[in-house]
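Chain residues, written in single-letter form:
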Amino acid sequence: MLITLLQAQTPPANLSYLFAAFVVSWLVFFAYTFFIARRQRDLERRMRELSQPRQSPDSGPAR
Amino acid sequence: MGYLRQQGLGQGLVALGGLLMLVNLYLVFLVAPTDAVLGDVQRVFYFHVPLAVLSFLAFFFVFIASLGFLARRTPAWDHLAHAAGEVGVVLVTLALLTGVIWARPVWGVWWTWEPRLTTTLILWLIYVAYLMVRAYAPNPARGAVYAAVVGVVGFVDVPIVYYSVQWWRSIHPSPVVGPLAEAGALEPVMLAILLFSLLTFLVLFLHLLLLRASLHRVEAWVKEQDPRGSPAPFPAN
Chain A
1 MLITLLQAQT PPANLSYLFA AFVVSWLVFF AYTFFIARRQ RDLERRMREL
51 SQPRQSPDSG PAR
Chain V
64 MGYLRQQGLG QGLVALGGLL MLVNLYLVFL VAPTDAVLGD VQRVFYFHVP
114 LAVLSFLAFF FVFIASLGFL ARRTPAWDHL AHAAGEVGVV LVTLALLTGV
164 IWARPVWGVW WTWEPRLTTT LILWLIYVAY LMVRAYAPNP ARGAVYAAVV
214 GVVGFVDVPI VYYSVQWWRS IHPSPVVGPL AEAGALEPVM LAILLFSLLT
264 FLVLFLHLLL LRASLHRVEA WVKEQDPRGS PAPFPAN
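Chains A and V, in that order, give the protein sequences. By the working numbering, the letter at position 18 of the first sequence is numbered 18, and the numbering carries on one by one without gaps. Quick note, the working numbering runs 63 ahead of the 1-based positions in the second sequence.
Simulated from the structure, these hints should not be mistaken for lab results. Keep in mind it's a predicted model, so treat the numbers as computed, not measured. Built from N, CA and C at the ideal position, the CB exists for glycine as well. Be aware that a few hints might be false.
No more than 20 Å apart at the CA atoms, straight line, and that leaves these computed lysine to any residue pairs for SDA-like [stated by the list, open to error]:
no.: 1; chain 1: V; residue 1: K286; chain 2: A; residue 2: R41
no.: 2; chain 1: V; residue 1: K286; chain 2: A; residue 2: L43
no.: 3; chain 1: V; residue 1: K286; chain 2: A; residue 2: S51
no.: 4; chain 1: V; residue 1: K286; chain 2: A; residue 2: I36
no.: 5; chain 1: V; residue 1: K286; chain 2: V; residue 2: A204
no.: 6; chain 1: V; residue 1: K286; chain 2: A; residue 2: R48
no.: 7; chain 1: V; residue 1: K286; chain 2: A; residue 2: R45
no.: 8; chain 1: V; residue 1: K286; chain 2: A; residue 2: R38
no.: 9; chain 1: V; residue 1: K286; chain 2: A; residue 2: D42
no.: 10; chain 1: V; residue 1: K286; chain 2: A; residue 2: L15
no.: 11; chain 1: V; residue 1: K286; chain 2: V; residue 2: W140
no.: 12; chain 1: V; residue 1: K286; chain 2: A; residue 2: R39
Some, not all, of what chain V presents toward chain A, calculated at C-beta under 10 Å [claimed, not checked]:
no.: 13; residue: T97
no.: 14; residue: V104
no.: 15; residue: R106
no.: 16; residue: V153
no.: 17; residue: L157
no.: 18; residue: W165
no.: 19; residue: P168
no.: 20; residue: V169
no.: 21; residue: L267
no.: 22; residue: L269
Turn these sequences into a full structure, and let the hints guide you.
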């Protein structure tokens, strides 16, 4: 009887839901960070390409 | 020079945000008392609430920057609005996901069409549409104008989300921050940890916002310079 009463007063931990919420949060956050990092790398590559003098005669003078 | 200064600021914000997040995790898991009714799962609250509050802040930035862009047609306003819209969508997505996971053990369902959840889902759809308008507009300049209009009109939903728990019968708890928060609604320790968590996420939010806005600026410049790329959103005069 005493054990039953103690169990009734203790709130359920639900640790699996707590774990799932934090895992999902960090996964979405890291996915977004990865997306930004890839975008930044692509831009840096394009900037390097643009900074090189152009070979084609019809492309006009390099800036 | 400005770019280098911004990079330095960004690195500073990352370092500060990382440090604050470590302290925040310690506070959330080891210092915050266990909720007497909900148990340990209530600790989701220290992530869920700051994510929702900062998504409102992000959409407020979209609103202000969109007004600025419509008034002045300056690319800097558009870059800020675009960055805030994107970061805001990430934040509100996380607020929805953490809310859904928290709802299951507390309410017994993953989702229910009650006012707070429904208006938040509408908010998410509005700002996903905001990003899609930009992506699928016939040209970037027109897309920026259309998006600015959506950014201004769409902000109407933010106060509706906040006040929904007061205006309609809702099973969602009342706000614990802002004008609707009741004094003593939270234990002082819980409130202090919540505010610390809010500060931590604010630092990370500012870092992501500045980084995204600067990337949009560089992206526009690259498109302007690159003859093979798509047309620049704002052609040089």
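Now for the hints, and whether the structure bears them out:
For the proposed pair V/K286 and A/R41, the alpha carbon gap of about 15 Å is at most 20 Å, so the pair holds. Distance hint between V/K286 and A/L43 is fulfilled; the C-alpha atoms sit about 10 Å from each other, no more than 20 Å. Our distance criterion of 20 Å between C-alpha atoms is met by V/K286 and A/S51, whose separation comes to about 13 Å. This hinted pair checks out: V/K286 and A/I36 have alpha carbons roughly 18 Å apart, not beyond 20 Å.
Between V/K286 and V/A204 the CA atoms are separated by roughly 13 Å; this keeps the pair inside 20 Å, and the hint holds. Taking the CA atoms of V/K286 and A/R48, the gap is about 13 Å. The hint holds against a cut of 20 Å. In summary, the hint linking V/K286 to A/R45 is supported, as the alpha carbons are separated by about 13 Å, within the 20 Å threshold. At roughly 17 Å between alpha-carbon atoms, V/K286 and A/R38 fall within 20 Å of each other, so this suggested pair holds.
For the hint linking V/K286 to A/D42, the alpha-carbon distance of about 12 Å falls within 20 Å, and the restraint holds. For the given pair, V/K286 sits about 49 Å from A/L15 by alpha-carbon distance, which is inconsistent with the 20 Å threshold. As the CA atoms of V/K286 and V/W140 are separated by approximately 18 Å, the hinted pair is consistent with the 20 Å bound. The suggested pairing of V/K286 with A/R39 holds, with an alpha-carbon distance near 14 Å, which does not exceed 20 Å.
The closest approach between the C-beta of V/T97 and any C-beta of chain A is roughly 7 Å, which is under the 10 Å cut-off, so the hint is satisfied. Interface restraint check: V/V104 against chain A, minimum CB-CB distance 4 Å, threshold 10 Å, status holds. A hinted interface residue such as V/R106 counts as satisfied when its beta carbon comes closer than 10 Å to some beta carbon of chain A; here the least separation is about 6 Å, so the hint holds. Given the 10 Å rule on beta carbons, the hint for V/V153 holds: about 5 Å separates it from the nearest Cβ of chain A.
With 10 Å as the threshold, the beta carbon of V/L157 comes within range of chain A, its nearest partner Cβ sitting at about 6 Å, so the hint holds. Checking V/W165 against chain A: minimum C-beta separation of about 6 Å stays under 10 Å; hint holds. With 10 Å as the threshold, the beta carbon of V/P168 comes within range of chain A, its nearest partner Cβ sitting at about 4 Å, so the hint holds. The beta carbon of V/V169 is positioned within 10 Å of a beta carbon in chain A (closest approach about 8 Å), and the interface hint is therefore held.
Annotation: interface hint on V/L267 holds; nearest CB of chain A at approximately 8 Å, less than 10 Å. A hinted interface residue such as V/L269 counts as satisfied when its beta carbon comes closer than 10 Å to some beta carbon of chain A; here the least separation is about 14 Å, so the hint is violated.
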